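Position one of the sequence shown corresponds to residue 3 (the numbering used here), numbered consecutively onward.
These are computed hints drawn from the structure, not numbers from a lab.
Nothing here was measured: the structure is a model prediction, and the numbers come from that model.
We put the CB at the ideal spot given by N, CA and C, even for glycine.
Here are the in silico distance ranges between beta carbons for each label pair:
#1 P59 x R29: 32 to 40 Å
#2 P22 x W55: 18 to 26 Å
#3 S51 x D10: 16 to 24 Å
#4 M57 x R29: 31 to 39 Å
#5 P54 x Q78: 15 to 23 Å
#6 R29 x I53: 31 to 39 Å
#7 P6 x P54: 18 to 26 Å
#8 P25 x R75: 13 to 21 Å
#9 P6 x R29: 34 to 42 Å
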Amino acid sequence: MAKPILDDELWSLIHPLLPPPKPRRTRYPGRKPLDDRAVLTGILFVLQSGIPWEMLPQEMGCGSGMSCWRRLRDWQQAGV
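Start from the sequences, fold in the hints, and give me the full structure.
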């Protein structure tokens with residue numbers, strides 16, 4: 003079995019640094035936001051492998067590459 007990109011110990015250090023999720027609208031809430039850990043796994047995979055964001059495999063369960071890129075952008079703007 004392959005070593006996970008983001009193990010529990012590293013996640014426990016990173017998770018408190020992330021901003022809380024935005025509150026969802028009550029009317030027309032849209033899709034549920036992706037889990038921060040899954041998104042961070044996708045971000046790390048793209049950065050380690052060097053693939054384009056659009057080529058992030060859906061099978062990883064990290065959402066689309068653009069979703070990961072947007073979350074990375076939001077975290078950077080928040081100072082993370």
